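Mind docking chain F on chain A? Use the hints.
Number of protein chains: 2
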Amino acid sequence: MMDSGSNLNSYIELVVPLIEEEMRHIVNNLHDDLAQSGFDVGQPDIFVTMLRYHLGFANADGTPVQVYSGKRLRPVLVLLCCEACGGTAGNALPAAAAIELMHNFSLIHDDIEDRDELRRGRATLWKLWGDAQAINSGDAMFTLAHLAMQAALSRGARAAHVLQALKVFDEAAMALTIGQHLDLSFEKRSDVSATEYMAMIKGKTGALTQAACAIGAILAGAPAARISALAGFGAWLGIAFQLQDDILGIWGDPAVTGKQDSDLSHHKKTLPVLYAAERNQQLRELYFRRTIPGADDLSLLRQLIEENEGREYTESAAHEAYVKSLQALGAAGIEGPAADVLYALAESLLGRSA
Amino acid sequence: MMDSGSNLNSYIELVVPLIEEEMRHIVNNLHDDLAQSGFDVGQPDIFVTMLRYHLGFANADGTPVQVYSGKRLRPVLVLLCCEACGGTAGNALPAAAAIELMHNFSLIHDDIEDRDELRRGRATLWKLWGDAQAINSGDAMFTLAHLAMQAALSRGARAAHVLQALKVFDEAAMALTIGQHLDLSFEKRSDVSATEYMAMIKGKTGALTQAACAIGAILAGAPAARISALAGFGAWLGIAFQLQDDILGIWGDPAVTGKQDSDLSHHKKTLPVLYAAERNQQLRELYFRRTIPGADDLSLLRQLIEENEGREYTESAAHEAYVKSLQALGAAGIEGPAADVLYALAESLLGRSA
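As they're listed, the protein sequences go chains A and F. Residue numbers for the first sequence, in the working numbering: 5 to 358. Residue numbers for the second sequence, in the working numbering: 5 to 358.
So here's chain A without its partners, still in its complex pose (with noise of 0.2 angstroms):
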């Protein structure tokens, strides 16, 4: 028997082009399946380029190619929680998606919010096709979403269980816009606390991994106790992989993270700063005003930081996370191989490096 981490590894290597193809199917049928339902409007083709670049599938002149976008984390827990279940992985694919697309209208919408002009290393759509354009095509990313979700009920999965699956996913989506909102509300204070950062990422990382894994078994049709305790594990975890993403802004290899700057340089008010400037004036000075720091303010800061115990503390923060993720995945009482590559998954994504 191979051990857990490597059955992570060739479970993911498995799903993943599974739940690719799923999108671009999804995306690349946009205009025939409208039409099938009386909705001709014509498909525009930059309309779908965008939506094809950003997910990885195109070039900006539409050109097909293959470009790495992200780990497909979220959509991995789906067929997880599913198959842990008892349920079948393929009957899911479309929640895998969907959930997928879901995060990936997010990121097109925050990166306007945030100015953000590179994601994975390419310009980002609001940079490439302007604002209006880019806030229209995050909402057919949204649209689509759903769309998917939709198509589960063609897979087998029974009217009832599509129905709470959605009525769970448009949940998460109202929980993600909350946490956006404070988010872009704490850029413009000086004094956010630690516990109101807990309940941002509760919101906008939380929520999706939450309904990720609740949407997994809903499908396979676990019962209400399973699908809330598999729907805690999604959140916690969520929450202790956003914990170590602060962690990596500041102290992560840049070779290994891929991150050209440290959050540090961007004033990103994550965890770590956030708790230490409650406890020291001088970083509160340095970190709130509006000058971009230099190379010698950098290791200041995160002198600060650690002396403060802005490290430690979120350090200690993200293991509570982890411990009550699998806390709450014991409380689902599932047993078998899809059940022994969430431990690995969780396991694995607490200790990683990138």
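Quick caveat, the hints were computed from the structure, so don't treat them as lab data. Be aware that a few hints might be false.
Since the list gives no way to pick one copy over another, a pair counts as held whenever it fits inside one copy or between any two copies.
Listed next, the in silico SDA-like pairs over lysine to any residue satisfying Cα-Cα at most 25 angstroms (straight line) [stated by the list, open to error]:
hint: 1; residue 1: Lys192; residue 2: Gly340
hint: 2; residue 1: Lys192; residue 2: Val52
hint: 3; residue 1: Lys272; residue 2: Asp301
hint: 4; residue 1: Lys192; residue 2: Pro48
hint: 5; residue 1: Lys131; residue 2: Val327
All of these numbers come straight from a predicted model, not from anything done at the bench.
Frame of chain A; chain F shown alone:
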């Protein structure tokens, strides 16, 4: 027996407050509903105020108010089509609210994309809270629309019907974003044809009235042919409505339409101008340059449009769309009081002056 026109007015006076109450209910219960579903991410005051402000339920400081917020034509169509197919309007109220929320989502994003500072005499969301928060608020409104539609399940609609309604709902949203994509792309071009314009409004205006009628029929459990006929009625009615709007935007009485500026002041590319500009070079040169026209220019523009049959052509296209909508309504083979009100509604829209 009253004539159908006064039946229409009584019907509207009866149902619009119910639709608004349904909308108010779903916005106000947002936080509790989310918390109950395990997405307890708090409810920032401004987040909800922005939604309530846009819908005309609150001032910018959150104090309650009741502002006139449009004809609510689309949700009225949902209820009428449901009743005309033998369904109960009360059961379709969540769907009616959903259609109106979707319409309002598109208004929030359109206002950002078009840089419109006013909507029905009040400052737009982006003008008050900035682009980033307004984009996010539009996303929340879109999500709320989906949650509203799903709530039809708790009012006795069958799961299969709600799923079918949701599919039409998102197909309409996709057609809407395709229409908006075209509209935005037209702004940068000086060679938009009348044919291209018709494709654009099919998506931007026709899709949502199409969905409104189809969804009403679906929730009543109507047979496929009747759903399809009512969808056609809604699509052509929406197109007729838009073409009427184009005419009123140039030749309407500002005291009646409530629009301060003529569409011509903003170089809006509507059918009367596009049709005439295809036939007249002076009009093309005057209209597609970027200077703001004075009063003399405006009357010259109006004259050139009329001389080149832009008004005549648009009036005839509006009439044709109207006839097609009535033919489709006839093909639906519905009878009774709700059907009578539907006919009266169609009639009132073509003859309108505001």
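Hint by hint, here is what the structure shows:
In this homomeric assembly, Lys192 and Gly340 never come within 25 angstroms of each other (Cα to Cα): the closest approach is 48 angstroms inside a single copy and 58 angstroms across copies. Taking the shortest alpha-carbon separations for Lys192 and Val52, only the inter-copy value of 19 angstroms comes in at or below 25 angstroms, while the best intra-copy value is 35 angstroms. In this assembly of identical chains, the alpha carbons of Lys272 and Asp301 lie at most 25 angstroms apart only when taken from the same copy (15 angstroms versus 51 angstroms across copies). For the homomeric pair Lys192 and Pro48, the shortest alpha-carbon distance between copies (15 angstroms) is at most 25 angstroms, but the shortest distance inside one copy (38 angstroms) is not.
In this assembly of identical chains, the alpha carbons of Lys131 and Val327 never lie at most 25 angstroms apart, being 40 angstroms within a copy and 44 angstroms across copies at closest.
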